[in-house]
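Asker: If you want the building blocks of each chain, they are given just below.
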Amino acid sequence: MTISTILAKKPVRYTLITAIWLLVWQGVSMLINEEILFVSPLSVVLTLSQLVQEGEFWLSLFASVGRVFGGFALGYVISFLLAAVAHRFAFFKDLISPIISIVKATPVASFIILALMWIGNSVVPVFISMLMVIPIVWSNTLAGLENIDGGLLEMAKVFKMPTFKRIRLIYFPSIFPYMLSASGSGLGLCWKAGIAAEVICRSMHSIGNQIWETKYYIQTNEMFAWTAVVVIMSVIFDAIIRKLSKLAYKRFAMEVGQNETE
Amino acid sequence: MKLNNISVAFDGKPILKDFNFDFSGKGIIAVVGESGSGKTTLFRVIAGLQSVDNGTITDIPDKISYSFQEHRLLPWLNALQNVMSVSDKKDEQAALNLLGRMGITPDDAKKTPDKLSGGMRQRVAIARALYYNADIYLFDELFAGLDADNVKIVADLLKEKAKDALIVVITHENVQVLDADKTIVMEKIK
Numbered sequence: 300m301t302i303s304t305i306l307a308k309k310p311v312r313y314t315l316i317t318a319i320w321l322l323v324w325q326g327v328s329m330l331i332n333e334e335i336l337f338v339s340p341l342s343v344v345l346t347l348s349q350l351v352q353e354g355e356f357w358l359s360l361f362a363s364v365g366r367v368f369g370g371f372a373l374g375y376v377i378s379f380l381l382a383a384v385a386h387r388f389a390f391f392k393d394l395i396s397p398i399i400s401i402v403k404a405t406p407v408a409s410f411i412i413l414a415l416m417w418i419g420n421s422v423v424p425v426f427i428s429m430l431m432v433i434p435i436v437w438s439n440t441l442a443g444l445e446n447i448d449g450g451l452l453e454m455a456k457v458f459k460m461p462t463f464k465r466i467r468l469i470y471f472p473s474i475f476p477y478m479l480s481a482s483g484s485g486l487g488l489c490w491k492a493g494i495a496a497e498v499i500c501r502s503m504h505s506i507g508n509q510i511w512e513t514k515y516y517i518q519t520n521e522m523f524a525w526t527a528v529v530v531i532m533s534v535i536f537d538a539i540i541r542k543l544s545k546l547a548y549k550r551f552a553m554e555v556g557q558n559e560t561e
Numbered sequence: 002m003k004l005n006n007i008s009v010a011f012d013g014k015p016i017l018k019d020f021n022f023d024f025s026g027k028g029i030i031a032v033v034g035e036s037g038s039g040k041t042t043l044f045r046v047i048a049g050l051q052s053v054d055n056g057t058i059t060d061i062p063d064k065i066s067y068s069f070q071e072h073r074l075l076p077w078l079n080a081l082q083n084v085m086s087v088s089d090k091k092d093e094q095a096a097l098n099l100l101g102r103m104g105i106t107p108d109d110a111k112k113t114p115d116k117l118s119g120g121m122r123q124r125v126a127i128a129r130a131l132y133y134n135a136d137i138y139l140f141d142e143l144f145a146g147l148d149a150d151n152v153k154i155v156a157d158l159l160k161e162k163a164k165d166a167l168i169v170v171i172t173h174e175n176v177q178v179l180d181a182d183k184t185i186v187m188e189k190i191k
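Keeping their order, the protein sequence lines are chains E and X.
Residues 300 to 561, numbered by the numbering used here, are exactly what the first sequence covers, in order.
Residues 2 to 191, numbered by the numbering used here, are exactly what the second sequence covers, in order.
Honestly, the hints are just simulated from the structure, not real lab data.
Small disclaimer: the values here were computed from a predicted structure and weren't measured.
Note that the Cβ used here is the ideal one computed from N, Cα and C, for glycine as well.
Be aware that one or more of the hints could be misleading.
[Stated by the list, open to error] Rough simulated footprint, nothing fancy, chain E against chain X, three-plus residues with beta-carbon under 8 Å: (1) 73-82; (2) 141-147; (3) 166-180.
[What the hints assert, rightly or not] The calculated DSSO-like cross-link candidates involving lysine-lysine, where the alpha carbons are at most 30 Å apart (straight line), are: (4) X/K27 x E/K459; (5) E/K456 x X/K112; (6) E/K545 x X/K160; (7) X/K183 x E/K456; (8) E/K464 x X/K116; (9) E/K456 x X/K18; (10) X/K164 x E/K392; (11) X/K183 x E/K464; (12) E/K308 x E/K456; (13) E/K456 x E/K549; (14) E/K549 x X/K162; (15) E/K549 x X/K91; (16) E/K464 x E/K392; (17) X/K116 x E/K456; (18) X/K189 x E/K545; (19) X/K111 x X/K189; (20) E/K464 x X/K111; (21) X/K90 x E/K309; (22) X/K111 x E/K549; (23) E/K459 x E/K309; (24) E/K545 x X/K18; (25) X/K111 x E/K545; (26) X/K27 x E/K549; (27) E/K309 x E/K464; (28) E/K464 x X/K189; (29) E/K308 x X/K27; (30) X/K189 x X/K3; (31) E/K459 x X/K91; (32) E/K459 x X/K191; (33) E/K464 x X/K18; (34) X/K164 x X/K64.
Between the sequences and the hints, there should be enough to build the whole structure, so can you do that?
Answerer: Right, dumping it as structure tokens:
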């Protein structure tokens, strides 16, 4: 067995890549040799193993997941609906586009401070996560809708396909890759901005508040541990969404024939 | 379906001018003519995809089937699913039989269009059009990309169908194989 055939196996490849980066991380921390500045991976694992034993860890974790994911879902649905209407009515598209551009260009910190003045500090992370996902889903949905093959729509018209069937067999599969890409990049942004909002707002029972406290008490190991939690959560949720979306795609768009439901 | 004095122009250039024809009854009608003479435009008018500048269309049938020049198969569905996608019928065996007669094996029927040759895609599109129960069947460039054996097979299938419906075919070649009841010769409008 050659090295390339061994590396062709995904589990082996990913384990090796993870090991390489952990070694690099360990090497850098050994080089700096100041745990307060740069924590070793071993120290992060030890800190995490202590944190998971505390009730507050799980409370903060679930509350942050709820806020970030809630904002993401809300933003996703709102921007999808806005884009669908914008695709149908050009005036609506022109009306909404400047707002989307402003949301895209405004520094997230400005929105966090403003939102803090307008709404309660536990809702700000939800609002910010929602805001982050809106421009991405808006532009991806529009791009998806604009790239639908007109020839297929004409075919559906000739064969008098009912509206739901057209959505299921043409619209949904056509925009699916765009929506999947939007959820990947949108969710990543939601985590970044949502946790930043929690840090600034010091939301009760939140990962952001835990990170703020590590800064206050100069607990670099805990800061690294909480950051690792955010990264792990982001990866897990991205994988779950991708898996569920692909299952929905197969179930919804690929069923023609015996199991067809209209 | 009757087309009365139909005129269609694109950017001021007339494509169809005072076109009259009665597309009723059963049988096969062949539409021939040089490129740009308005054959596909005529099909699009019949299918309700092209509005007319002048003229009237009467006795429009309830269902029209159309095999497009560019196949227009759904790329994410396999051949069998593509055939079945246009109808509420859920008769998988009938769809497989139709594909089988076109030389598409059950294994090939499970392939998506990108895994099929151009000729096979053409046959799947024809099968899809035939699977749909319609009063008028339109086939644009019917024999394009088909070898002699498949031309014969498709022509036989169409003749069979022509006993119960009206088949209208655009073709540049093999017109005689179809044994058409009528032929419309289209000419470029000067």
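Asker: So, for every hint listed, does it hold in this structure?
Answerer: A quick look at each hint next to the structure:
no.: 1; hint: 73-82; in the structure: holds (count 6)
no.: 2; hint: 141-147; in the structure: violated (count 0)
no.: 3; hint: 166-180; in the structure: violated (count 0)
no.: 4; hint: X/K27 x E/K459; in the structure: holds, 22 Å
no.: 5; hint: E/K456 x X/K112; in the structure: holds, 25 Å
no.: 6; hint: E/K545 x X/K160; in the structure: violated, 43 Å
no.: 7; hint: X/K183 x E/K456; in the structure: holds, 28 Å
no.: 8; hint: E/K464 x X/K116; in the structure: holds, 24 Å
no.: 9; hint: E/K456 x X/K18; in the structure: holds, 26 Å
no.: 10; hint: X/K164 x E/K392; in the structure: violated, 51 Å
no.: 11; hint: X/K183 x E/K464; in the structure: violated, 37 Å
no.: 12; hint: E/K308 x E/K456; in the structure: violated, 46 Å
no.: 13; hint: E/K456 x E/K549; in the structure: holds, 24 Å
no.: 14; hint: E/K549 x X/K162; in the structure: violated, 34 Å
no.: 15; hint: E/K549 x X/K91; in the structure: holds, 19 Å
no.: 16; hint: E/K464 x E/K392; in the structure: holds, 26 Å
no.: 17; hint: X/K116 x E/K456; in the structure: holds, 26 Å
no.: 18; hint: X/K189 x E/K545; in the structure: violated, 50 Å
no.: 19; hint: X/K111 x X/K189; in the structure: violated, 42 Å
no.: 20; hint: E/K464 x X/K111; in the structure: holds, 21 Å
no.: 21; hint: X/K90 x E/K309; in the structure: violated, 43 Å
no.: 22; hint: X/K111 x E/K549; in the structure: holds, 15 Å
no.: 23; hint: E/K459 x E/K309; in the structure: violated, 45 Å
no.: 24; hint: E/K545 x X/K18; in the structure: violated, 51 Å
no.: 25; hint: X/K111 x E/K545; in the structure: holds, 19 Å
no.: 26; hint: X/K27 x E/K549; in the structure: violated, 41 Å
no.: 27; hint: E/K309 x E/K464; in the structure: violated, 37 Å
no.: 28; hint: E/K464 x X/K189; in the structure: violated, 39 Å
no.: 29; hint: E/K308 x X/K27; in the structure: violated, 61 Å
no.: 30; hint: X/K189 x X/K3; in the structure: holds, 22 Å
no.: 31; hint: E/K459 x X/K91; in the structure: holds, 16 Å
no.: 32; hint: E/K459 x X/K191; in the structure: violated, 36 Å
no.: 33; hint: E/K464 x X/K18; in the structure: violated, 37 Å
no.: 34; hint: X/K164 x X/K64; in the structure: holds, 17 Å
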